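Using the hints, position chain B against chain A.
Number of protein chains: 2
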Amino acid sequence: MEKKAAIGVDIGGGSVKFGLVTSSGRVLERGQFPTNPRGGKKLLFDQLVGQLRSLISGAEARRIKVAGVGLGAPGPIDVERGFVYFFPNIPGWKNTPIRAELERALRRPVFVDNDANGVALAEFLYGAGKGMRNLIALTLGTGVGGGLVLNGRLFHGEAFSAAEIGHIVLDEKGSRCSCGNRGCLETYVGSGYFTAKVRRRLAAGAKSILSRWLKEGRELTPRLVAEAAQKKDRFAILLWEETGERLGTALAGLANVLNPDRIILGGGIAQNGSMIFDPVIRTLRKKAFPIAARSVKVVPAALGPESGFIGAAAQVFVSNH
Amino acid sequence: MEKKAAIGVDIGGGSVKFGLVTSSGRVLERGQFPTNPRGGKKLLFDQLVGQLRSLISGAEARRIKVAGVGLGAPGPIDVERGFVYFFPNIPGWKNTPIRAELERALRRPVFVDNDANGVALAEFLYGAGKGMRNLIALTLGTGVGGGLVLNGRLFHGEAFSAAEIGHIVLDEKGSRCSCGNRGCLETYVGSGYFTAKVRRRLAAGAKSILSRWLKEGRELTPRLVAEAAQKKDRFAILLWEETGERLGTALAGLANVLNPDRIILGGGIAQNGSMIFDPVIRTLRKKAFPIAARSVKVVPAALGPESGFIGAAAQVFVSNH
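Read top to bottom, the protein sequences are chains A and B.
Sequential numbering from 193 applies to the first sequence in this note's numbering.
Sequential numbering from 193 applies to the second sequence in this note's numbering.
Worth double-checking, as some hints may not be accurate.
All copies of an identical chain are treated as equivalent in the list; a pair is satisfied when it fits inside any one copy or across any two copies.
What the hints assert, rightly or not - Straight-line distance between alpha carbons at most 27 Å, and here's what the computed DSSO-like set of lysine-lysine pairs gives:
(1) LYS286 to LYS478
(2) LYS423 to LYS399
(3) LYS424 to LYS407
(4) LYS489 to LYS195
Hints were generated in silico from the structure; no laboratory data involved.
The model shown is predicted, which means the values in this text are computed figures rather than measured ones.
Only chain A is shown next, with the shape it has when bound in the complex (with noise of 0.2 Å):
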């Protein structure tokens, strides 16, 4: 019999990546190119016809049938009409029926969702989050990105809005977010946050060798901030310090709500081992009920920058819509 897959498109504001992966999330072949946000929409839609078809026409050639293709959002969407609300990040999306489109020109069954939501579908069946029933899965980049997993399958809320869990307040008169309100989450993990927290602290005088580093015209970013911690820095230990307290609060809450056996946290402040997993645990099982902070354990993203892709894909071999 022939293999079937399916493919996978994670739609980025940076770039378009895309693969072709099979039900237990086995990635056969992976491309992509740059988004180029200027060029509006007809560039984008055509290239990505472009390069699906040849996809597709390459594994037929091996034999391997091509069940659909997933889409990952990077914006509001109606998951159940196929439809783009529209990409904050990239001008010239508002108000289109990209699944239909698609299938118009692929011929091939096409199912859309949020990116945040696709991550937390490929740790849910080839990741982290494996076995488990109950999951919430954060991607810590410039946004804080939140898919939830209940009962063994995606949740999407009432209009396919849910997890937006960057956007939980936690001090009411905290820093003004992009999403107009103080305290956000996001404030304190987003990584543009995070970086601008620590050039006011170094500003205003915090002694620290990433001045140095600055200086010498080093980029500074959350992994910069880490290196400086690994060297016994003492501002950057106690950054990280408090950036785990405040996410450790933060799922706390989320915890005693809704009662997980698994946080999975991925995206670039994650990737920094116990700097950032040591303060988030021991925070969450000060302020979880017991029973909530038993329940859970956090752990890292498993799958990497190819989960978006592998969820996206994996759209189309589960039935969540």
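Just chain B now, with coordinates in the frame of chain A:
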């Protein structure tokens, strides 16, 4: 054909309420007796069994088949095993296999769930959440009880401790909560915290008609503060505003995470109409993401103090287990 009904029992710290309820939520009979927490488990259990036996035999004499008994438990339980971990306000129930014990005594299938989940289920099936798919039900009393219906079913979480909404942290530097954290939602809307705050502010010199009423010997309750606000007492009006805003902030975060179609507020604090609902809804609209804010209506609970046993009985008719 004979009629079918179930018995619901709502075990509270002050009284045990119970009733015979049809599958459409109609209460055919009702009763209650004082809990007498000091009497120990055996007294309460024997009283309960006695009352329920006579309710069952009375029903059967009227040719009403009693399909089972549902229990609303005031503390953490294992829903699947029908096992009570403990009741915070009623000593003697530690590690009780209540389902097995009641099934033996009553020879009927018994179901056990958290009392706040029962309220959520009752409002979902027969009350303010009828016809909805995703709802959050909050009971604002001494503490804050929460229940979640997600995708049309009660959501329990991994260890049946989901929906502890009262302990979402709103201000990490806020007042100390009974759970050990600071600034939990409960410290703003729990009735004890609420009246303690009023006392503190009056003692610190705040001007209000409440000072006179208290001197006249009236009891300080949320209702009395509501009465003051109705009389245009500025202190009381601002207090409701503030309380509603805090609750609205918490609900905005929940709406972002769960994207529900209804948020249902019951209990003492919620029984003050627009005084509390206006600032709640205004804050929610302002602080939740537009899609989440548009999806949700915040409404008062419809079923009143019988919702506990009505929802407990409803467990018998739905298959959430």
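Results for each hint:
1. Within a single copy, LYS286 and LYS478 get their C-alpha atoms only as close as 44 Å, which misses the 27 Å cut-off; across copies the closest is 23 Å, which meets it.
2. For a Cα distance limit of 27 Å, the shortest separation of LYS423 from LYS399 inside one copy, 14 Å, qualifies, whereas the shortest one across copies, 57 Å, does not.
3. For the identical chains of this complex, LYS424 and LYS407 are intra-copy neighbours only, at 19 Å inside a copy versus 61 Å across copies, given an alpha-carbon limit of 27 Å.
4. Taking the shortest alpha-carbon separations for LYS489 and LYS195, neither the intra-copy value of 36 Å nor the inter-copy value of 48 Å comes in at or below 27 Å.
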